[in-house]
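With chain A's structure known, arrange chain B on it following the hints.
2 protein chains.
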Amino acid sequence: MFASTPKPPYYAVIFTSHRAGDIGYAETSARMNELASEQPGFLGIESARGGDGDGITVSYWRDLESIHAWKANAEHRIAQERGKREWYSHYVTRVCKVEYDYAIPPSS
Amino acid sequence: MFASTPKPPYYAVIFTSHRAGDIGYAETSARMNELASEQPGFLGIESARGGDGDGITVSYWRDLESIHAWKANAEHRIAQERGKREWYSHYVTRVCKVEYDYAIPPSS
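Chains as they are written, first to last, in my numbering: chain A, 1 to 108; chain B, 1 to 108.
Just chain A, with the same shape it has in the complex (with noise of 0.2 Å):
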C-alpha cells in the first residue's frame, strides 16, 4: 500500500472518483499499474476504494515532464477514454507538488 517516495520535493497526481462500471476494470487497472511502473519519473502508487464505489489513487512522480508524458502514453490513453465511458461516473485529478512529508513509523 504505501509508495516509497524520496525525500521532497516530488509530484503527486491524486485521482478521485467514483466507480459505477465493473465489467474489465480490474484487468485494465492491474494493467494501468503494471504500465504506469514501468515510466520514466514513476515513484510509486497507492490506491484505496470503499464499498461504495469512491475511491482514491494517488501516484507518484518525479517531475511534471513524467506526469505529462504518462497520461499521453498511448494504451494509457485508451485505457482513459473507456474509464470515462464506461467505468466512472464522476472523477476529479489534481497534480500537485509534494512540499514536505512524515510518516510513523519514521522511513527514515
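No lab work stands behind these hints: they were computed from the structure. Small disclaimer: the values here were computed from a predicted structure and weren't measured. Hints are not guaranteed to be accurate.
Listed next, with one range per pair, are the computed distances between beta-carbon atoms [as the list claims (entries may be wrong)]:
#	chain 1	residue 1	chain 2	residue 2	range
1	B	D63	A	E27	38 to 48 Å
2	A	R85	B	D63	31 to 41 Å
3	A	H68	B	K7	16 to 26 Å
4	B	P9	A	Q39	19 to 29 Å
5	A	R85	B	P40	37 to 47 Å
6	A	E81	B	E27	37 to 47 Å
7	B	E38	A	E38	36 to 46 Å
8	A	S37	B	L35	30 to 40 Å
9	B	A20	A	S4	12 to 22 Å
For every residue, glycine included, the Cβ atom is placed at its ideal position computed from N, Cα and C.
For chain B alone, coordinates are given in the frame of chain A:
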C-alpha cells in the same frame, strides 16, 4: 465524496494509513471531519478506505498557514496522539500544493 475546491493553486494534505484498531475510531473521525470543516482555510475533504484497513484521506486547504493551524489545534492534537497509539500501525502525511486540476463532468 467530491470536494468542491476553488481554482488552483490551493493545498492538499494526503494522509495514507493502515488502520489496525477500531475502538472509538468512528466517533473521533466524524468529530475531526466536523472540526476541520470549521477551521479557517478549510476547502474540503475526500476519503476512501477498503476492507483491508488501507485508507487515503485528502483534505484541501487555502494555504500552508491553515494546514499548520489545523495540525496544532488542541482537540486535533489529542486525536492525533490517539491515532498513533491506538488506530494506525503506519501512516504517511504529505503536504502538497495543487498546481492544476480537471474533472469529468467538468466542474464549471
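Practice item. Kindly indicate which numbered hints from before are broken by the structure, ordering the numbers from low to high. Key: none
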